[in-house]
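Colleague: Here is how the chains run, residue by residue.
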Amino acid sequence: LGGGGGGSDSVKIGAVMALSGPFARTGEENQRGLEVAEDYLDGEILDSEFELIIEDGESDPNASIQAARTLVEDEDVDAIIGPVSSGNSISVMQYIKEDGQVPHLMTTASSVEARENPENCNEYGFFIWPSNRHLAPTGTQFIQDLPNHIDRDFDPSRVHYVSQDYALGQNGLELVEESMNEVGGEVTGSTLVPLGETDWSSYISEIANSEADVVTGVLTWGAAAQLMPQANSFGLPEEKVMMFNSGKPIGQFAASTMPDEVTVDGWFGTHFYNPGLDTDVNNEFQSLYNELDSSLLPNSTAGASFELMRALATVIEDSGSTATDDIISGLEGLEWDSVFGPIQFREEDHQAALNFFGGRRVASDGDATEVEVFEEYPDVIPDARCSL
Amino acid sequence: MLEIPLITTENFITYALNGLSRGMIIFLVASGLSLIFGLIGLINFAHGAMLALGGYGTYVVIQATGNFWLGLVISVVLVAVLGLALERKVLYWIYDEPLLGFLSTFGIGLVIEEALAVYFGSRSYTVPSPLPESVQVLGVSYPSYRLFVILVGAVVALGIGLILVKTRLGLEIHATANMQPTAEILGVDTARIYTITFVLGTALAALAGALTAPITSMYPTIGLDYITMAFLVIIVGGMGSFKGSFVVSMIVGQIIAFGWLVLSPTYVRILVFAAAMVFILYKPRGFFGKAEVHE
Amino acid sequence: MLSVEGLTKKFDSVVAVDDVDMELRSGEIHGLIGPNGAGKTTTVNLITGELTPTSGTIEFDGTDLVGRSPSAIARQGIGRSFQVVQYFPEMTVRKHLRLAVRDSTETVRSVFNRQEDYGPQIREVAERVHLEDDLDTVAKNLAHGKKRFLDIAMVLGMDSRVILFDEPAAGLNQSETDEVKAILENLRGEYTVLIVEHDVDLVRSISDRITVLHNGSVLTTDTPENVVENPQVKEVYLGE
Amino acid sequence: MSELLTVEDLNAFYGDSQVLFDVSIELGTNDVVGIFGRNGMGKTTLLNSLVNRIDRKTGTVTYRGQDVSAWSPHEIVREGIAYVPEEREIYPALSVRENLELAMTSDIGDDAREERIQNVFTQFERLGERQEQRGGTLSGGEQQMLAIGRALVTDPDLLLLDEPTEGLAPAIIDDVVDILESLVTGDRAVLIAEQNINRMLPLIDRGYMIQTGRIVEEGDSDHLSDEAIHDKYLTV
Amino acid sequence: MSDRLSDVRGFVRGLPRRPLLAVGVLLLLAVPFLFPSQSDLATEALIFGLFAISVDIVLGYAGLLSLAPAAFFGLGSYTVAKLVVDYGQSFWLGFPLAIVLALVLALVVGYVPIKRRIGNVYFVLFTLAFGAIVHDFTFVTTWLTGGSDGLGFFGPPEVLGIDLGGNTEYYYFTLVTVAIVGYGLYLLIKSDYGDILHATRQNELRMRYLGYDTNRELMIAWLVSAAVSAFAGAVYVGLVGIASPSLVSFALTGDVIIWIIVGGTGTLLGPFGAAIGLVFVQELLQNLWQGGYRLLLGILFVVFVFVLPDGLMGLLRDEE
Ligand SMILES: Nc1ncnc2c1ncn2[C@@H]1O[C@H](COP(=O)(O)OP(=O)(O)OP(=O)(O)O)[C@@H](O)[C@H]1O
Ligand SMILES: Nc1ncnc2c1ncn2[C@@H]1O[C@H](COP(=O)(O)OP(=O)(O)OP(=O)(O)O)[C@@H](O)[C@H]1O
Ligand SMILES: [Mg+2]
Ligand SMILES: [Mg+2]
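Chains as they are written, first to last, in the numbering used here: chain A, 1 to 388; chain B, 1 to 295; chain C, 1 to 240; chain D, 1 to 236; chain E, 1 to 320.
Hints listed in this document are in silico derivations from the structure and should not be mistaken for laboratory results.
In this text the structure is predicted, and so the values were computed from the model without any measurement.
Under the rule of at most 25 Å between Cα atoms (straight-line distance), these lysine-lysine pairs were calculated in the BS3-like manner:
| # | chain 1 | residue 1 | chain 2 | residue 2 |
| --- | --- | --- | --- | --- |
| 1 | E | Lys115 | B | Lys283 |
| 2 | C | Lys147 | C | Lys181 |
| 3 | C | Lys10 | B | Lys283 |
| 4 | B | Lys166 | B | Lys243 |
| 5 | C | Lys181 | C | Lys234 |
| 6 | E | Lys82 | A | Lys97 |
| 7 | C | Lys140 | E | Lys190 |
| 8 | B | Lys283 | B | Lys243 |
| 9 | C | Lys95 | E | Lys190 |
| 10 | C | Lys10 | E | Lys115 |
| 11 | C | Lys147 | C | Lys95 |
| 12 | C | Lys140 | C | Lys95 |
| 13 | D | Lys232 | C | Lys181 |
| 14 | A | Lys97 | A | Lys12 |
| 15 | C | Lys140 | C | Lys181 |
If you want a taste of the chain D side facing chain B, the calculated C-beta under 7 Å gives, among others:
| # | residue |
| --- | --- |
| 16 | Glu89 |
| 17 | Leu102 |
| 18 | Ser106 |
Covered stretches of chain E, as calculated for chain A (at least 3 residues, CB under 8 Å):
| # | region |
| --- | --- |
| 19 | 129-140 |
| 20 | 152-162 |
| 21 | 228-242 |
Just so you know, even glycine gets a beta-carbon here, dropped at the ideal spot from N, CA and C.
Next comes chain A alone, as it looks inside the complex (with noise of 0.2 Å):
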């Protein structure tokens, strides 16, 4: 393995974030839970001061290699958090695997591409966000345990897939596809929205012409932030089960400046991170995180990266060395606590282990984030797919 900068004095540690273009809300949050991160751990990792540097990926594959370029090859940093979505988290991997050799935790990939195409996953990466092969059978089961927990009369064998029409939609609605086939069910039908639609009537027009009772999918912040609202203007969620995977609607309103007029009745989802849960780590999360600056509420894609830098920090901390070896060995197989729970690194392809479960967000009194779940989801994540 390569160099890594093993013998500076303090640990330097990079970060590339989509602080603009469309996944700018996503990079946000990440960044936030770096903060975050810096409290918890006091700004420091083997007693002394560690370094964080932050680079725009702007949303976009090529902007995210440049910037993984100057942290790796100007900075010198000893690990790369990020970026976001799959595309950037791609780009910067096959930088990584090539050129750059240094550990590389990401935050949000979630496409089957990153995950398991060989030319893309490699030594170096580190998932902690499950993998569309995660969700969409996962969201498939609570599909099947819905009728269980709705009083309405409805056929969970048929769905309808909604998503925007780009890779992480295109790719989602193949594997939700797969995993309604596998339980005998089947996708009637799919709306692939255009990026940067503002007006989905039409849209929402067809979702409740669909054949299925159920509406499910994989959207992004945005998407979810256009639609929810306007689909209960339309009073969707009476005639529809709409249940999505990634979080939304359940983090969703956590994260957004919702409002609290957009109601949540008729919205399920599946999630890894349940703001409710009462652990240690998880109660100092929210506290840092509601003592900095903004208007939102702790969330997945915060507790993400602030998991990933924890990670690192103890790995760092345990081995004593920064070098480049150490970390990835340390990291693979490594278990600890989480705000999402228990937590591990799978050594076979280094993707994050930990449970699920299926519910929906009420509305809450405070600045808690009220979550009721309805069914647990232990030990989903799928045989290893890419031999490192």
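Given chain A, put chains B, C, D and E with the ligands in place with the hints provided.
Modeller: Okay, now just chains B, C, D and E with the ligands, sitting in the frame of chain A:
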């Protein structure tokens, strides 16, 4: 592969209303642009930023008072005042240079959007709908806020259309736009006409922003997603033809509302842009524009 | 040399040019006069390709010009000046003439041209219109009369055989008008000239033949002496 | 004779170059006055200065006792002045009728407006035939008629005409001169800039001769019809 | 203020030109040695400089404001990336192909608007729509362009035993290509063709009646511009190793317009210098005020449009 599904009357009405409300929103954005562009000849690229300001202004007032209508009025007035200041202090002397006009409004728009991004962050804000209920129209249930938007669009269209066609102000706007020094010696206070037109156009952008806020969510560059379409609409409708931008907005709204039945939505959008481009080529003066003028 | 037959141009309901037959003989100076709106400018625009005729033919040296672009027609050897002088305000007189003199069809080869090429031709043309001392003046700074001359010089420089002048003396004072007249006289025999002009004295004194248009149709084509005496022309145009 | 317009020590500039030098003229309420001079001597500039259509000027222009030097053009013309510019400046996209409508301020009643328009159509039949045609498609001469018509509909107290016969066919010039004759007999003041002095002499009460921006001669028709003056200032 | 300006002007004019040029060239040659950590950035700056020049030819000389330059830049990047990543072809094959594709696309897009002389304002909006289509298209056609993931990752090949993948090597490669292409454009513009464009801008009617096929002349400028933009995009993708939607985005178009205005339209050298300067300024500012760069850039741009519409070159050039 194209497949044309059968649709029921109810669906048809819902789709048509979708198209109508979408068309009206496009029109609200386009109407201000059309005034400023069609009549002053200025490609006002800051229009999108004004729209965003209208939306954010409404959001801020709602945060403070909880009242949407107050937010709407205040933000439209404030943006109009900003438009007044811009026109009086900055833009008035570049009207006869379209390229410079485009560039300066491009710069001003950039500054406003980036300032919004720095201040509010790039996350989006959702504004609650002031009319959350649905009502029955023509046998289907439809969100009343969208019907309200349709109504406002229609009133704006009619009101401004009448001003342009029936009033002396309309004639003076035309005269000033085409040959300002001549309008002056015919007794037209052209400085006032420029100001009125620009401020009115800007206020319409803010109105569009405030009205769309409860439908969509606000983010700093939201304007860019609207104005490309709005520009095409006013060109296809015919430079300076208010009627044209109205009719074309309605057509585009309906195309998108029904287009997904036969084609994937992204391609519908691409198709609309492409069709508009072809149209510009074959009829640069647009649907309702007048024929080429010789010297 | 150049002949039009049955030339007609309709704008919506207005028939601006109505079945006009006209022939320019090689080397002659031909006047084209008529009341305002008679169709003179439109005729010139039709010949030069600015407008496409509704019907009729325009034949030049045995080829049909209808449907060709203005630049193609100009390259065939038909030059024109405009009712309102047309020039490049920010360029020097020398550059104007250089653009006129050089081969207008070549672009890329011009990379290898040198500054001093075309010098003699430019000087020769400038001298014809008395602009030789203004070669380095930027055109917008020229007096109005000299702008006129510059316009004419460009046409001469591009080596046309037929030149169409649309009101070359408009806006000129007497001495300038006389200068224009001298320049035009100078062209006789060398070029075939069509001149549209309201200064009847000017047209009469230099034209070999004059065509009178009225309401888009040819009233008469004749020698200057006969045209001025023609009662119809007097009635509709000269107004005596 | 009561004063309508007084110009004192007018200097006018385009950029750095001065075009008018210390020009002073005056005009009574019913005066018909000519400004004569060769091309480029400053006639148009003088008229433009009166209504403030110029980059920069010094000196005072007094109209009906008010100093209007710093007023904007529309404010000045609203005091009862009509201007027929040299370039005609017809609105190409507006119809003949709309061009006329535009010149009349909104305080004129509908009947009066229509009557004035019809008057113009009687004076220029050709315009009447083409009232819905767009200004830009009129021929040069037709545009000149429209420009004059556009001044007449305002029923001005002072009419400024800049070379009303330029670019017109001789027959039309006769018509225009006829119209001017009918105008000058009315109770309004007229200021005409012209090169074509002989046509104008019968019409005017007084005239000024302008030479490179300076008034060099002033007097009545008789005085100005002097061949010597013509030779000196008009021919070459 | 204007005193200060004329001081600057006087100073600059007083400087001997040739030695200044020599210093500039030496500086460019020495970048990898003087600032080894900045050579990537310097490479990017040079490429954007060339891109700015290519766009200046249509905007500054032909007078056509296109809002789609990024489409051609991106086309160059995507062509190379597609060949290398999906078809495993040679990196070099991408260059001629990129240029050919750009020429074809430019011809298709520009032919009718230029031929019909749809007018400046319409041309602006026409290209705005075209840019929007290309951007949307790049996102949807994942099978062709990789959608939002882009097409990557790859490095430039070895030539004559030199591995262009190294920062220094690629810098010199870029320097040489930019110098050659840039000088070629300079020659073209300084020749009679520059005058033809200049004159056409001022009075197209007159040019046509001088026998010039002005449509053809404008078309040539448009094609040259598109080809050079695509070429710049192709060089660029070798640097970053991935083609992604940001390369066809409106933001990039906005940037190139800003560079041109700040540098001075129709001066070639101005936009070139401004692009290079602003790329470095961006890097500097980004470390000082995260997110504020574009705001400052916007303010800078507005200041230039209103106060110095002739750009930096206008500031330095002699006044008549
Ligand atoms: N594009 C057009 N649309 C409609 N009518 C037109 C158009 N162009 C010209 N005309 C009409 O055609 C007639 C002839 O116009 P033209 O300009 O040829 O006259 P002209 O003889 O040059 O007159 P002038 O001496 O006044 O310049 C006029 O009645 C004019 O109104
Ligand atoms: N916009 C301008 N910029 C610079 N100089 C100008 C401008 N307009 C006119 N001039 C100059 O001012 C002088 C006077 O011009 P003006 O038009 O007043 O003359 P004129 O007597 O009306 O001539 P004409 O008989 O040609 O109409 C001329 O030398 C002319 O070149
Ligand atoms: Mg004519
Ligand atoms: Mg004059």
